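The chain contents come next:
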Amino acid sequence: MSDDKKTYYSIDPEDKLYCSKCNELMVKADCAFAYLDNEFPVEMPVCPVCGLVYVPEDLAIGKVLSVEKVLEDK
Amino acid sequence: MKDHFKERSTRTYRQKQLFTKAELEERESVCVHEQPAFCTAACPLKLDAREFVRLVGIGDIKTARAMLERIAPFPYILASGCHSPCVSKCRLSEVSEGISIGALERYVMANAPAPAGKGLLKFKKKKKAAVFGGSLFALAVAGEMANKSYPTTFYVAESEAADIIRSCASFLSDGDMETETKRLLAMDIDIIYNSQLGASFIDSLKDKFDLVFASSELLGEKPDQITLINSSGIITDSGNNKEVIDSLFDARRAGITADRLAQSLDPKSSRGDEGPFESRLYTDLSEVIPSSQIAENEGYTKEEAIAEASRCIQCACTECMKACIYLREFKRHPRLLTREIYNNTGIIMGDHTLNRAMNSCSLCKQCSVTCPFGYDMADICQKARANMVDTDKLSLAVHEFALLDMLFSNSEAFLSMLPPDKENCEYVFFPGCQAGAVSPETIIKSYADLRERLTGDIALMLGCCGAIAHWAGRTELYDEMKDFIKSEMAKLNNPKIIAGCPTCRNTLSEYLDVPVIGIWDILSDLGLPENTEKASGKAVIQDACAARCDSETQDKIRDLTKKLGYTVSEPQNTKDRCSCCGYGGLVSYANRDMAKDMANDRLKGVSDELNLTYCMACSDRFKREGADSKHILELIYGTAKDGFADISEKRKNRLTLKQSLLSDVWGINVLDEVLDFELKISDEARIIMDDRMILESDIIAVMKDYHINKEAVYDVKTELSIATKRIGNVSFWVKFTSEGENAYNVVGAYSHRMTISKRGR
Ligand code: SF4
Ligand code: SF4
Ligand code: SF4
Ligand SMILES: [Zn+2]
Chain A
0 MSDDKKTYYS IDPEDKLYCS KCNELMVKAD CAFAYLDNEF PVEMPVCPVC GLVYVPEDLA
60 IGKVLSVEKV LEDK
Chain B
0 MKDHFKERST RTYRQKQLFT KAELEERESV CVHEQPAFCT AACPLKLDAR EFVRLVGIGD
60 IKTARAMLER IAPFPYILAS GCHSPCVSKC RLSEVSEGIS IGALERYVMA NAPAPAGKGL
120 LKFKKKKKAA VFGGSLFALA VAGEMANKSY PTTFYVAESE AADIIRSCAS FLSDGDMETE
180 TKRLLAMDID IIYNSQLGAS FIDSLKDKFD LVFASSELLG EKPDQITLIN SSGIITDSGN
240 NKEVIDSLFD ARRAGITADR LAQSLDPKSS RGDEGPFESR LYTDLSEVIP SSQIAENEGY
300 TKEEAIAEAS RCIQCACTEC MKACIYLREF KRHPRLLTRE IYNNTGIIMG DHTLNRAMNS
360 CSLCKQCSVT CPFGYDMADI CQKARANMVD TDKLSLAVHE FALLDMLFSN SEAFLSMLPP
420 DKENCEYVFF PGCQAGAVSP ETIIKSYADL RERLTGDIAL MLGCCGAIAH WAGRTELYDE
480 MKDFIKSEMA KLNNPKIIAG CPTCRNTLSE YLDVPVIGIW DILSDLGLPE NTEKASGKAV
540 IQDACAARCD SETQDKIRDL TKKLGYTVSE PQNTKDRCSC CGYGGLVSYA NRDMAKDMAN
600 DRLKGVSDEL NLTYCMACSD RFKREGADSK HILELIYGTA KDGFADISEK RKNRLTLKQS
660 LLSDVWGINV LDEVLDFELK ISDEARIIMD DRMILESDII AVMKDYHINK EAVYDVKTEL
720 SIATKRIGNV SFWVKFTSEG ENAYNVVGAY SHRMTISKRG R
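Protein chains in written order, with numbering that gives the first Met the number 0: chain A, 0 to 73; chain B, 0 to 760.
Keep in mind that the hints were calculated from the coordinates and are not lab data.
Bear in mind the structure is a predicted one, so any value in this text is a computation, not a measurement.
Incorrect hints may have been included.
Partner residues are not named here, just some residues of chain A that face chain B (Cβ under 10 Å, in silico) [as the list claims (entries may be wrong)]:
{"id": "1", "residue": "16"}
{"id": "2", "residue": "17"}
{"id": "3", "residue": "28"}
{"id": "4", "residue": "30"}
{"id": "5", "residue": "34"}
{"id": "6", "residue": "45"}
{"id": "7", "residue": "49"}
{"id": "8", "residue": "51"}
{"id": "9", "residue": "54"}
{"id": "10", "residue": "55"}
For every residue, glycine included, the Cβ atom is placed at its ideal position computed from N, Cα and C.
Go ahead and model the full structure; you've got the sequences and the hints to work with.
Below you can see the structure in the form of structure tokens.
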């Protein structure tokens with residue numbers, strides 16, 4: 000992806016999030032939200048072993064929801 | 000089967016016309032909201048008299064005067080000379096006396112300050128105009144042409160300006176005469192006094208000018224009655240002018256002809272609407288208190304003028320808006336709303352700003368009753384939704400929950416059974432999906448009662464009629480639902496249907512060929528069951544919008560209510576004029592605030608009373624707004640409960656209803672799915688889930704996965720685990736704590752529709 004460096008949003012795991020299955024501290028990694036054929040590069044907490052991505056509640060019901068609403072009327 | 004739940008792409012550009020231009024215009028023209036007021040329509044010069052009177056009423060005579068200055072080159076002549084054809088056409092004249100618009104004009108001209116200066120310097124036009132004659136028409140045309148910036152020469156027999164004004168408008172007071180004389184002199188007009196007016200004089204000069212005007216009496220000929228051009232190309236008055244206003248109107252039309260000619264356009268075409276006409280506007284006079292005109296005497300004082308202007312009712316049609324809170328909140332009358340929704344469907348790229356409006360109409364058809372012309376906004380909104388679904392422009396998010404709920408009703412929770420030990424039946428009881436969701440006990444008891452007291456065998460069908468797909472504009476899915484119900488009906492050999500819900504009754508009778516009646520029809524024949532508890536007190540009847548224009552049903556409900564022991568009380572908008580509770584048209588999914596407002600609007604003034612409904616969705620919506628509401632069947636069968644079911648209970652109710660009927664009536668036992676872990680959901684979590692449209696079954700699905708693979712995020716700060724699963728188009732997240740290996744306490748949940756994935760390397 001060409002816009003690798005451009006991210007819309009970044010969430011820091013702050014050393015407080017663990018992947019339960021792998022028992023690993025989650026790290027910040029490049030991710031992408033996608034909806035209705037639109038993509039948004041972001042940085043999210045991810046398990047370095049299994050790749051599980053975490054979307055915190057505040058983000059889901061805040062920013063993510065409002066972007067969804069905008070796209071839904073496109 | 001087509002996948003109806005595949006998310007669309009915002010990058011597909013598809014287009015399909017909602018209506019042809021002709022159909023759009025036909026639909027819009029039903030609404031008279033934009034028609035001018037009766038007074039305005041009667042004015043040949045199209046003074047917006049309604050606005051003029053309003054301005055006088057609020058004391059803004061400066062703006063009011065500007066309106067007069069704009070329509071007449073000599074406004075004092077207009078104010079004093081016009082015989083006011085508007086007054087007899089004023090709507091008030093039907094119940095009392097019309098507004099004295101002429102007197103108000105005179106008041107404004109006498110008291111408002113004259114506009115300052117001449118405004119911006121205008122460039123002179125190239126075409127030169129000549130006006131011959133000292134008639135009022137000629138004077139007014141000279142003024143019109145000068146105001147339009149044509150270089151104008153005015154030939155008159157008189158020797159001074161004051162004489163011109165006097166001979167044209169002898170009715171003016173001395174003061175007004177002086178003012179209009181000054182006005183004439185200040186105009187950019189070249190006045191040639193002492194001219195020998197006559198046909199030969201005009202003939203000798205007319206070739207020097209591009210546009211020539213004359214009084215028709217000088218030429219002894221009437222012109223073309225539209226363009227006012229006579230056989231020698233001279234523009235004259237119509238020859239029919241009796242009143243002052245006729246001459247001013249002719250001058251206005253002559254000016255339009257001149258403009259068309261100056262631009263080398265056909266003077267006959269594109270002239271717009273000219274002259275007085277009958278307005279089609281509707282205005283309700285039922286609440287008008289008759290009042291008389293205030294005498295003008297020597298001219299109104301300020302108080303008198305305001306009092307006279309305040310008699311004006313500002314004629315307008317708002318019949319539909321008075322009753323429909325949706326139209327009021329979106330602040331658009333149906334004509335405008337239709338146009339904007341039509342445009343919304345036509346947008347290929349960009350924001351569809353009218354989606355919300357289009358999806359917030361309850362499709363209740365109240366407007367078709369309250370509008371004197373029967374405007375059908377519901378049909379337009381439903382068709383617009385279908386159009387946008389067809390062109391892939393309506394997102395699933397809006398209605399997906401409701402559609403999945405419908406599919407649930409017609410799959411897992413569906414039940415269609417012949418009566419026990421029977422091969423055939425006369426009837427099938429179809430209580431409707433909402434009844435099963437909201438009050439399963441009522442279905443159990445009413446089915447038992449029907450089987451006991453009604454002659455003939457009765458089958459049972461628990462499911463959804465498909466109305467939900469229709470409301471969502473999902474035409475193909477609706478067709479599939481119809482086919483499904485049809486095939487299930489065929490398996491029962493197509494018995495007569497007893498519907499428990501007015502919407503089901505309407506929907507089923509639309510696509511099935513069997514008779515469909517309501518359970519209220521049966522109960523009204525059979526009478527109440529013996530063990531029905533007698534009640535007393537008042538019951539406010541909240542009609543179902545699906546029973547609009549169905550007085551038989553409305554009457555039977557009232558009759559049953561009385562038999563129950565209640566006295567019947569009618570709310571504000573009742574029977575055919577009732578509005579919707581906010582469930583119809585899926586408003587409660589597309590615009591929750593609107594749905595709340597709709598419910599509260601119906602409850603206005605009666606929320607403390609018993610609100611009796613005959614639609615389960617209505618009771619549910621009213622209860623959610625804190626009112627006491629009961630379905631008539633709940634009262635008949637003693638199954639009313641306090642509180643309302645949340646979205647998860649609504650699903651569970653349908654499943655348990657199916658199970659208990661199967662086991663109690665047919666002796667078939669279905670085993671509940673047993674989870675191999677214990678799951679507790681806190682009360683707070685349940686409230687959040689209802690609010691965020693997250694079902695208990697979604698939580699279970701997430702936790703089942705977790706129980707096997709232990710995939711979750713653990714937050715050391717909150718000491719909560721968060722597990723996730725994507726179900727259909729939604730990612731669900733469950734926040735929980737674990738008690739040992741086999742028990743979970745859910746404390747919260749959230750969801751989003753976007754997908755999330757790792758990028759690159
Ligand atoms: S009541 Fe007012 S708006 Fe209506 S016709 Fe009369 S003057 Fe015009
Ligand atoms: S909500 Fe009902 S009354 Fe209002 S516009 Fe829609 S169909 Fe008409
Ligand atoms: S009632 Fe409503 S739809 Fe009907 S003419 Fe009046 S404004 Fe238009
Ligand atoms: Zn992991």
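For each hint, the structure was consulted:
no.: 1; hint: 16; result: 6 Å, holds
no.: 2; hint: 17; result: 5 Å, holds
no.: 3; hint: 28; result: 6 Å, holds
no.: 4; hint: 30; result: 6 Å, holds
no.: 5; hint: 34; result: 4 Å, holds
no.: 6; hint: 45; result: 6 Å, holds
no.: 7; hint: 49; result: 8 Å, holds
no.: 8; hint: 51; result: 6 Å, holds
no.: 9; hint: 54; result: 6 Å, holds
no.: 10; hint: 55; result: 8 Å, holds
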